[in-house]
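Student: Each chain, letter by letter, is given below.
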Amino acid sequence: MSSNAKDLTNLEVQKELLFDGNPTFGSITEDVCKVVETKPGKLWYVLFGISSSLTVMLFSMIGYLFWEGTGIWGLNNPVGWGWAIVNFVFWVGIGHAGTLISAVLFLLRQRWRTSINRFAEAMTIFAVICALLFPTIHVGRVWLLYWVLPIPNQMEMWPNFRSPLLWDTFAVGTYFTCSLLFWYVGLIPDLATLRDRAKDKMSKLLYGFFSLGWRGGNRQWQHYELAYLVLAGISTPLVLSVHSIVSTDFATSLVPGWHTTIFPPYFVAGAIFSGFAMVMTLALIARKVYNLEHIFTPKVLERMSWVMLLTGSMVGYAYSMEFFIAWYSGNEYERFAFINRAFGPYAWAYWIMISCNVISPQLFWFKKLRTSIPVLFTLSIVVNIGMWFERFVIVMTLSRDYLPSSWDYFSPTIYDVGILVGSFGLFFTMFLLFLRFLPMVAMSEVKGALPEADPHYGGSH
Amino acid sequence: MSLFRKLPGVIIAEFDSTASLLHAAEKMSKEGYKKYDCHSPFPIHGMDQAMKLKRSPMGYIIGTMGTIGMIGMLALTYWTNTYGYQMVISGKEYFSWQAFIPVIFAITILLSAFGAFFGMLALNKLPQLFNPIFGSDRFAKVTNDGFFVSVEADDPMYDEAKVKSFLESIGGKNVEVVKIK
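For the record, the sequence lines run as chains A and B.
Using the working numbering, the letters of the first sequence map in sequence onto residues 1 to 461.
Using the working numbering, the letters of the second sequence map in sequence onto residues 1001 to 1181.
In short, the hints are calculated from the structure, not lab data.
Some clues are possibly wrong.
Below, simulated DSSO-like cross-link-like pairs (lysine-lysine); rule was C-alpha separation at most 27 Å, straight line [claimed, not checked]:
#1 B:K1125 to A:K201
#2 B:K1173 to B:K1052
#3 B:K1034 to B:K1092
#4 A:K204 to B:K1030
#5 B:K1125 to B:K1141
#6 B:K1141 to A:K201
#7 B:K1035 to B:K1054
#8 B:K1034 to B:K1054
#9 A:K39 to B:K1141
#10 B:K1125 to A:K204
#11 B:K1179 to B:K1092
#12 A:K299 to A:K288
#13 B:K1030 to B:K1164
#14 B:K1054 to A:K204
#15 A:K34 to B:K1141
#16 B:K1030 to B:K1162
#17 B:K1162 to B:K1173
#18 B:K1092 to B:K1125
#19 A:K288 to A:K367
#20 A:K199 to A:K367
#21 A:K199 to B:K1141
#22 B:K1141 to B:K1173
#23 B:K1035 to B:K1164
#24 B:K1092 to B:K1173
#25 B:K1027 to B:K1162
#26 A:K201 to A:K39
#27 A:K299 to A:K199
#28 A:K34 to A:K367
#29 B:K1179 to A:K201
#30 B:K1030 to A:K199
Covered, in the sense of this in silico footprint (three residues per stretch, anywhere, with C-beta under 8 Å from a C-beta of chain A), are these stretches of chain B [unchecked claim]:
#31 1073 to 1082
#32 1088 to 1099
Don't be surprised by glycine CBs; every beta carbon is placed ideally from N, CA and C.
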């Protein structure tokens, strides 16, 4: 009886068509590989030209920064963190949606993830690369960066493992490595597909090398599936732990408005929120440019908007709870910090944040809006702007600390703006290269989610 | 040269669906073949049982690696902050283990991930860029939409004619002997 019940639920899952147009195994291979095997259109070259120019600008500005020091930024005495930390938290946050989609939704057996997971994992890796850039350049004397690692040295000094900045090094470093391994493991069977279809010598050689000689035998799949499952399992706590640790950079300090226990969950929700918005932006562009409307279906997009509605509401709740606790605590510095956020010199940033992060996702309650592609695209960008401003608002709490005599206003310089814009250039350069040379949809997983992949399909067995 | 002697050649047969591959696997293991494999573009549910494979030891590898990471990092934080370089931070003990949890956790995860990745490669004998099975042009379909059974020549029951007729009798099509050229 119980096995019957199980079969029925399976049938229910399979009845729901996740992919439009009744694809077959062969048509999926064809659709996904075609993108890599044909020369990209003009649009790709234009976008690549823009983003790689921005990357060049980024690295030249970083070169100047190394030469001149962090004084080229708009940092001043109370605001010692500035945009570098804003950008760091922003980019790490973007990455979290990728891990959520690839790991958590995998463990929850959410099959709709298969069309977007490769994509989202790539986004994670590139976002974390952009994120790691910022603390690296923010240390000022970048040649002493190795001090954060426990390496025996001539000074006989060891790092202080009680420091949240050191926790960051380990948390984000581990996060990057695990995401990369997880992504690569997922890529192996698909690289083998490209290897078997390759026509010219160069791609035969490269795809052949990186697919490691994959043969798709069940003796290989057996270990492969377990490795994938475990990598998903150990990436899951990382979704929660990495951004929690990032939030302790703030929460363990004594700055009013930062020293709160709400930070870890609030940061994690915000991270997933912004990350889903970024996946949405990228998926909508890719499905348009590469005609993949039948793989990134409205159903998948609608589910992503549910996650954004949920996490957006959690973020809104956190904002109001911060205000409530500031009042309820009776601590006058805490109260001042929050009134100052909403009505002080950075009120403009605060209200941008509220309207982008709290009000705009509420539009997803309406089915008409969450199934409309232009609305989804606009809102996904609005949310990302809002989430950048959230981190900006938090960091700018520094501008008015305990001593009114030291208050100051932070104004970014051209180098602040240039490095932020340049980091987007770096991100999109890597992403465009990924779209050009690697399969952007996890073919073997999409095939496995088709009804025909089930050995019981069609009533046999 | 020794590498090549180990890989003498294979016989492959094509099947048309996941269901027929699963049936073939059941018959192969029932017949008593040992060195055979069932190739498919994606993992097939129930194939491990059909092939009567032993449980993958991945769990032990990953568990060991994770434990090494945890104990190693605990030892490192303990030694460096208690003896290596003593610092009094807000009057706490040198070995204030609560504050070391984040880094210990991170390294536990990191080494488990290495265990999963390198363990998988080792158990699958990857990277193995050369295999006689790639000599078959038809076999390229396996990463697209093909389902194959392969029998290696060092299987104890290997006999070219017998294996071929057996594969045909269980529904295999396009049976092909692939040898190193």
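Student: Next, verify each hint and record whether it holds.
Tutor: Verification of the hints:
1. As the CA atoms of K1125 (chain B) and K201 (chain A) are separated by approximately 25 Å, the hinted pair is consistent with the 27 Å bound.
2. With a C-alpha separation of about 23 Å, the suggested pairing of K1173 (chain B) with K1052 (chain B) holds against the 27 Å cut-off.
3. Distance hint between K1034 (chain B) and K1092 (chain B) is unfulfilled; the C-alpha atoms sit about 61 Å from each other, more than 27 Å.
4. Restraint check for K204 (chain A) and K1030 (chain B): not satisfied, since their Cα atoms lie roughly 38 Å apart, outside the 27 Å limit.
5. Restraint check: the Cα-Cα separation between K1125 (chain B) and K1141 (chain B) comes to about 22 Å, which is no more than 27 Å; the hinted pair holds.
6. Using a Cα cut-off of 27 Å, the hinted pair K1141 (chain B) and K201 (chain A) holds, with the two alpha carbons roughly 19 Å apart.
7. Restraint check for K1035 (chain B) and K1054 (chain B): satisfied, since their Cα atoms lie roughly 14 Å apart, inside the 27 Å limit.
8. For a cut-off of 27 Å, the pair hint linking K1034 (chain B) to K1054 (chain B) stands: about 12 Å separates their Cα positions.
9. Proposed proximity of K39 (chain A) and K1141 (chain B) is supported: the alpha carbons are some 24 Å apart, at most 27 Å.
10. With a C-alpha separation of about 21 Å, the suggested pairing of K1125 (chain B) with K204 (chain A) holds against the 27 Å cut-off.
11. Taking the CA atoms of K1179 (chain B) and K1092 (chain B), the gap is about 69 Å. The hint is violated against a cut of 27 Å.
12. Only pairs whose Cα atoms come within 27 Å are accepted, and K299 (chain A) paired with K288 (chain A) is accepted, the gap being roughly 16 Å.
13. Between the alpha carbons of K1030 (chain B) and K1164 (chain B) the distance comes to roughly 17 Å, so the proposed pair stays at or under 27 Å and holds.
14. Our distance criterion of 27 Å between C-alpha atoms is broken by K1054 (chain B) and K204 (chain A), whose separation comes to about 34 Å.
15. Annotation: proposed proximity of K34 (chain A) to K1141 (chain B) holds, straight-line Cα distance about 16 Å (limit 27 Å).
16. For the proposed pair K1030 (chain B) and K1162 (chain B), the alpha carbon gap of about 16 Å is at most 27 Å, so the pair holds.
17. Only pairs whose Cα atoms come within 27 Å are accepted, and K1162 (chain B) paired with K1173 (chain B) is accepted, the gap being roughly 15 Å.
18. Under the criterion of a C-alpha separation no larger than 27 Å, the hint pairing K1092 (chain B) with K1125 (chain B) is inconsistent with the structure, at around 49 Å.
19. With a C-alpha separation of about 22 Å, the suggested pairing of K288 (chain A) with K367 (chain A) holds against the 27 Å cut-off.
20. With a C-alpha separation of about 46 Å, the suggested pair K199 (chain A) and K367 (chain A) falls outside the 27 Å cut-off, and the hint is violated.
21. With a C-alpha separation of about 15 Å, the suggested pairing of K199 (chain A) with K1141 (chain B) holds against the 27 Å cut-off.
22. With a C-alpha separation of about 14 Å, the suggested pairing of K1141 (chain B) with K1173 (chain B) holds against the 27 Å cut-off.
23. For a cut-off of 27 Å, the pair hint linking K1035 (chain B) to K1164 (chain B) stands: about 15 Å separates their Cα positions.
24. This hinted pair does not check out: K1092 (chain B) and K1173 (chain B) have alpha carbons roughly 73 Å apart, beyond 27 Å.
25. A C-alpha spacing of about 15 Å is found between K1027 (chain B) and K1162 (chain B), which places the hinted pair at or below 27 Å, so the restraint holds.
26. Annotation: proposed proximity of K201 (chain A) to K39 (chain A) holds, straight-line Cα distance about 16 Å (limit 27 Å).
27. Taking the CA atoms of K299 (chain A) and K199 (chain A), the gap is about 35 Å. The hint is violated against a cut of 27 Å.
28. The suggested pairing of K34 (chain A) with K367 (chain A) is violated, with an alpha-carbon distance near 33 Å, which exceeds 27 Å.
29. With a C-alpha separation of about 23 Å, the suggested pair K1179 (chain B) and K201 (chain A) falls inside the 27 Å cut-off, and the hint holds.
30. Distance check on the hinted pair: K1030 (chain B) and K199 (chain A) sit about 40 Å apart at the alpha-carbon level, beyond 27 Å; violated.
31. Requiring three or more residues with a Cβ within less than 8 Å of a Cβ of chain A, the coverage given for the stretch 1073 to 1082 of chain B holds, as 4 such residues are present.
32. By the rule of at least three residues with a Cβ nearer than 8 Å to a Cβ of chain A, the coverage given for the stretch 1088 to 1099 of chain B holds, with 4 such residues.
Consistency with the previously given hints fails for numbers 3, 4, 11, 14, 18, 20, 24, 27, 28 and 30, ordered from lowest to highest.
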